[in-house]
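**Q** Chain by chain, the residues run as shown.
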Amino acid sequence: MVAEQIAFGVTAFAMAVGAVRVVTTKNIVHAALWLMLVLAGVAANFILLAGEFVAVVQVLIYIGAITVLFLFGIMLTRAPIGRSADLDNDQRVASLVVGLLVFGLLASVLAKQFGRVHIHPGPVQRTSDIAQSIFTQYVVPFEAISIVLLAALVGAVVIARRD
Amino acid sequence: MLLNEFLFLGAFLFSCGVYGVLARRNAVLVLMSIELILNAVNINLVAFGAFRNTPVGQVFALFVISIAAAEVGIGLAIVLLIYRNRRSIDISQLDVMRG
Numbered sequence: 399m400v401a402e403q404i405a406f407g408v409t410a411f412a413m414a415v416g417a418v419r420v421v422t423t424k425n426i427v428h429a430a431l432w433l434m435l436v437l438a439g440v441a442a443n444f445i446l447l448a449g450e451f452v453a454v455v456q457v458l459i460y461i462g463a464i465t466v467l468f469l470f471g472i473m474l475t476r477a478p479i480g481r482s483a484d485l486d487n488d489q490r491v492a493s494l495v496v497g498l499l500v501f502g503l504l505a506s507v508l509a510k511q512f513g514r515v516h517i518h519p520g521p522v523q524r525t526s527d528i529a530q531s532i533f534t535q536y537v538v539p540f541e542a543i544s545i546v547l548l549a550a551l552v553g554a555v556v557i558a559r560r561d
Numbered sequence: 014m015l016l017n018e019f020l021f022l023g024a025f026l027f028s029c030g031v032y033g034v035l036a037r038r039n040a041v042l043v044l045m046s047i048e049l050i051l052n053a054v055n056i057n058l059v060a061f062g063a064f065r066n067t068p069v070g071q072v073f074a075l076f077v078i079s080i081a082a083a084e085v086g087i088g089l090a091i092v093l094l095i096y097r098n099r100r101s102i103d104i105s106q107l108d109v110m111r112g
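Chains as they are written, first to last, in my numbering: chain A, 399 to 561; chain B, 14 to 112.
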């Protein structure tokens, strides 16, 4: 139990620092790399919550594919690779106020509603349980998602094609 | 572990994402902030799934991950198209439809 707390504390601290750096850093490539740290922390949290399959998927898809896609996007739009001063617009103060208000609202509601609720992640949720759930109860959303992914891929090719 | 630890972490990531969407000028950075928001949602889903001891939270997190992959693909394609047409992805200059 204590080991879990320490692991959660370390990953949560790293994720908090990473998330702040993603939205404040002046270097766009560094933002992608900090985002990678946050995504790895999310995968570690999934492990702590006994969700091994979704943690593996998080590493494969987010860290493996989406970060590379972001780096390609940065490269293809010829963004400034080094430090640049004009990555933020002139609404930073208002945005900070909105962000703090959102966090305060969420935190107060969560503290009130789930004050001392404990979770006891049981035995690891096996992949077969998740597969059972996807392919019986949620098979229609699953098929819909496959259509959505196909449409998104074809759409991305059509949009980005040069003719 | 307390359920609230994970929910607070998710709330913090969500707030950072909201700040990034509002304050960033570069379209790729805005997409990264949207990824922060979606990951905050995923943490909440898996945490509630572990709390209720059911795989359904993870199933929904997997759905969110696949939707996020589709969203990033389409988003970056649109960003590339904007860059090709305007030589810039500064979204504060994209005000053609402003009334």
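One thing to keep in mind: the hints can contain errors.
Claimed, not checked - From chain A, some residues computed to sit far from chain B (all C-beta separations above 10 Å):
id: 1; residue: Leu474
id: 2; residue: Gly480
id: 3; residue: Arg481
id: 4; residue: Val546
As the list claims (entries may be wrong) - Partial chain B-side listing against chain A, Cβ under 10 Å, derived:
id: 5; residue: Phe21
id: 6; residue: Arg37
id: 7; residue: Glu48
id: 8; residue: Gly112
To be verified - Estimated spans, in silico, between C-beta atoms of each pair:
id: 9; chain 1: A; residue 1: Val538; chain 2: B; residue 2: Asp103; range: 37 to 43 Å
id: 10; chain 1: B; residue 1: Arg97; chain 2: A; residue 2: Gly502; range: 17 to 23 Å
id: 11; chain 1: B; residue 1: Gly112; chain 2: A; residue 2: Phe470; range: 48 to 54 Å
Derived from the structure by calculation, the hints contain no laboratory data.
Quick caveat: nothing in here was measured; it's all calculated off a predicted structure.
Built from N, CA and C at the ideal position, the CB exists for glycine as well.
**Q** Against this structure, judge whether each hint is valid.
**A** Taking the hints in turn, this is what the structure says about them:
1. With a least CB separation of 6 Å from chain B, Leu474(A) falls inside the 10 Å interface cut-off, contrary to its annotation.
2. Listed as a non-interface residue, Gly480(A) keeps its Cβ farther than 10 Å from every Cβ of chain B; the least gap is roughly 14 Å.
3. For Arg481(A), the condition that its CB be more than 10 Å from all CB atoms of chain B holds, with the nearest at approximately 13 Å.
4. Not every Cβ of chain B is farther than 10 Å from the Cβ of Val546(A); the closest lies at roughly 6 Å, contradicting the non-interface assignment.
5. Evaluation of the Phe21(B) hint against chain A yields a held restraint, the C-beta minimum of about 6 Å falling below 10 Å.
6. Annotation: Arg37(B) was flagged as interfacial toward chain A, and the flag holds, the nearest CB pair being 6 Å apart, inside 10 Å.
7. Because the smallest distance between the Cβ of Glu48(B) and any Cβ of chain A comes to about 7 Å, under 10 Å, the interface hint for this residue holds.
8. Violation of the interface hint for Gly112(B) is found here, the shortest Cβ-Cβ separation to chain A being roughly 19 Å, above the 10 Å cut-off.
9. The hint said 37 to 43 Å for the Cβ distance between Val538(A) and Asp103(B), and at roughly 41 Å that hint holds.
10. A C-beta distance of roughly 41 Å is found between Arg97(B) and Gly502(A), which places it outside the suggested range of 17 to 23 Å.
11. The hinted window of 48 to 54 Å between Gly112(B) and Phe470(A) is violated, with their beta carbons roughly 35 Å apart.
Of the hints listed earlier, those the structure fails to meet are numbers 1, 4, 8, 10 and 11, in rising order.
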